[in-house]
Each structure stands twice: as structure tokens, then as C-alpha cells.
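Student: Go ahead and model the full structure; you've got the sequences and the hints to work with.
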Amino acid sequence: MKFQKELSQLISSDDIINNLPRIEIFCCAKDHNHFNRRLQQRAINWDMIKLAIAYGKFQYHSQARTWTLLDKSLKSTPYERFIDKLRGLRIIAANYSCDDTLKLSTAYWAYDLRR
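Position one of the sequence shown corresponds to residue 1 (this note's numbering), numbered consecutively onward.
These are computed hints drawn from the structure, not numbers from a lab. Treat the hints with caution; some may be incorrect.
[Stated by the list, open to error] Below, a list of computed lysine to any residue pairs in the SDA-like style, where the Cα atoms sit at most 20 Å apart:
(1) LYS75 / LEU113
(2) LYS103 / LEU20
(3) LYS72 / GLY56
Tutor: In C-alpha cells, the structure reads:
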């Protein structure tokens, strides 16, 4: 089975991911399509984003919330066999929401972690 299909099947049955807060795209006035364009350019899909938010290492950085998928965050999970393909995925959420909604601004691969 292909990676995307296997990942999608695992995520659809994962209770941790199914209980995530609402996710929205943070749109800048200058570039409304920034987030979706970056996802396509970097071969990142919504299943990967949900996985990073659920299992990634959470940090605050420059008044933004970040989640990074590390090897140790995926160990002993059903996603352990995908460590090589998911390592280094980083999600950035703007800190502008007054409720529990996550407003995602960008997603990228931290190549220093991918070695």
C-alpha cells in the first residue's frame, strides 16, 4: 500500500487525532493562498498536519505555536514505521485566536532534523 493511503487509514481510526481542536488557515491580506500553495510545493497533506499537531513536540517560538515531528515523538505509536518520511515536519500556528481554534500559517520540513 502507498504511504498516503496507509497514513490516511491510520489517522481515520486514531482517537487522539479525532479529538483535535478546530483547525483553520490564517490568511494574510497580501497572500490568501500562501498556506495551500506551500503545502503543495512541500508535499505535505492535511493528514500529516493533523499528525504533527497530535504527536509533535510543542513549543512557543516568536509568539507563535509550533509542532515538530521528531523520532522520539513517533516511537511506540502506530506511525513508527513512517518515521523516515515524517521526521522534521514543522507546523506553525499564529497566536491570534481567542478560542481553541488553531490558525495555521505555514508548514515546512526542518531539514536539519531529516538527516
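Student: Hints first: check each against the structure and report whether it holds.
Tutor: Evaluation of the provided hints:
no., hint, in the structure
1, LYS75 / LEU113, "16 Å, holds"
2, LYS103 / LEU20, "13 Å, holds"
3, LYS72 / GLY56, "9 Å, holds"
Every hint, counting from the list given before, is met by this structure.
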